[in-house]
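Trainee: Keeping their order, the protein sequence lines are chains A and B. Residues in the first sequence are numbered consecutively from 1205, following the numbering used here. Residues in the second sequence are numbered consecutively from 8, following the numbering used here.
Check the hints yourself; a few may be wrong.
List of simulated lysine-lysine pairs, DSSO-like, C-alpha gap at most 30 Å [claimed, not checked]:
1. A:K1433 - B:K46
2. A:K1347 - B:K53
3. A:K1220 - B:K39
4. A:K1220 - B:K64
5. B:K45 - A:K1287
6. B:K39 - A:K1433
7. B:K39 - A:K1287
8. A:K1434 - A:K1220
9. A:K1434 - B:K71
By construction, these hints were calculated from the structure, which means they are not laboratory data.
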Amino acid sequence: MFSLLSPSNIFYWIEKLISFINSIFFILLLVALSFALIFSPPDYLQGDSVRIMYVHVPSAWIGLASFICIALLSFANFIFKTKNLIIITKSIAPLGLMFTLLAIVTGSLWGQPTWGTWWVWDARLTSMVILALFYIGYIVSHKFILSDERANKISSIIAIIGLINIPIIKFSVDWWNTLHQPASIKLTGASTIHSSMLTPLLLMFFVMLLYCALIFLMKYKTEIIRMKKKNLKRL
Amino acid sequence: MIQNFLSMNGYGPFIWASFSITFISCAIVFYKTQKTLKKYEREFVKEINELSAVKRKLVVENSKIASQVLSSHSKTI
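The following block holds chain A by itself, in its conformation from the complex (with noise of 0.2 Å):
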């Protein structure tokens, strides 16, 4: 199964897929902006200050979403030792540190409006820095670690590490007496919010996931040429 995921056999089709992600790109970011910006209602009780959630939801669910894959594969690899699975890890780990750092800036702009307060240490928040801190961790011991072996080691126990903090956030809001309200969209169960709001949101998620599999492709490309490029210096 591996050997089928290998580099060389998909490299022909990421170049494919760059091409048509940025084909259809900028319609569908237009479309999700004019949903989010003008055609959905303001909140009842936050007014318009709720279409920040646009950006904050999604933002902190790829973040999270990014370092459970980013752990998942680390744990995979202590098992199958593939060499694409750090590939993979390394090219989401700076996308899923950023949406985590637009999560927290994003977050604080709406807390402001709506708390009356840039940041409070509770719960939610602080264990959303404290997931920055551990992508901060991976991706420094990637970049400063000279042993590929080493710091393919060290950044694999930081990543299952730091997914003892995946569920601590989830239920922070139930756990803890937080300012942050607890999940309107639930998996299992009703959601709470209403289809004027929720389109617009899965929306600007899928466009954001879009940019993500856009970003990931590019450094996934860049990752390969790179041992590509340190292999051909051995000839």
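Chain A is fixed; fit chain B onto it per the hints.
Mentor: Positioned in the frame of chain A, the structure of chain B alone reads:
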């Protein structure tokens, strides 16, 4: 109407700042990623071209990736 849209009932600065920060960050990351990819592609092609004819042939025949990078690079030129 435009003024109402921009002010967003007083929440404009927070909303526009959130959207701007998000899209500017995304644009910067896209630009930097594309630049790095192009740089690596250029360097890779340059290194292949600097190889002797025999070695170059060997690399192109044995590596799908090398041949694809070479062909896509020649298309962009």
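Trainee: Give a verdict on every hint.
Mentor: Results of checking the hints against the structure:
1. A C-alpha spacing of about 12 Å is found between K1433 (chain A) and K46 (chain B), which places the hinted pair at or below 30 Å, so the restraint holds.
2. Between the alpha carbons of K1347 (chain A) and K53 (chain B) the distance comes to roughly 25 Å, so the proposed pair stays at or under 30 Å and holds.
3. At roughly 21 Å between alpha-carbon atoms, K1220 (chain A) and K39 (chain B) fall within 30 Å of each other, so this suggested pair holds.
4. For the hint pairing K1220 (chain A) with K64 (chain B), the CA-to-CA distance comes to about 26 Å; that is within 30 Å, so the pair holds.
5. As the CA atoms of K45 (chain B) and K1287 (chain A) are separated by approximately 23 Å, the hinted pair is consistent with the 30 Å bound.
6. For a cut-off of 30 Å, the pair hint linking K39 (chain B) to K1433 (chain A) stands: about 20 Å separates their Cα positions.
7. Annotation: proposed proximity of K39 (chain B) to K1287 (chain A) holds, straight-line Cα distance about 24 Å (limit 30 Å).
8. A threshold of 30 Å between alpha carbons decides the hint, and for K1434 (chain A) with K1220 (chain A) the separation of about 25 Å falls inside it, so the pair holds.
9. Between K1434 (chain A) and K71 (chain B) the alpha-carbon distance is near 16 Å, which keeps this suggested pair within the 30 Å criterion.
Hint violations for this structure: none, all hints satisfied.
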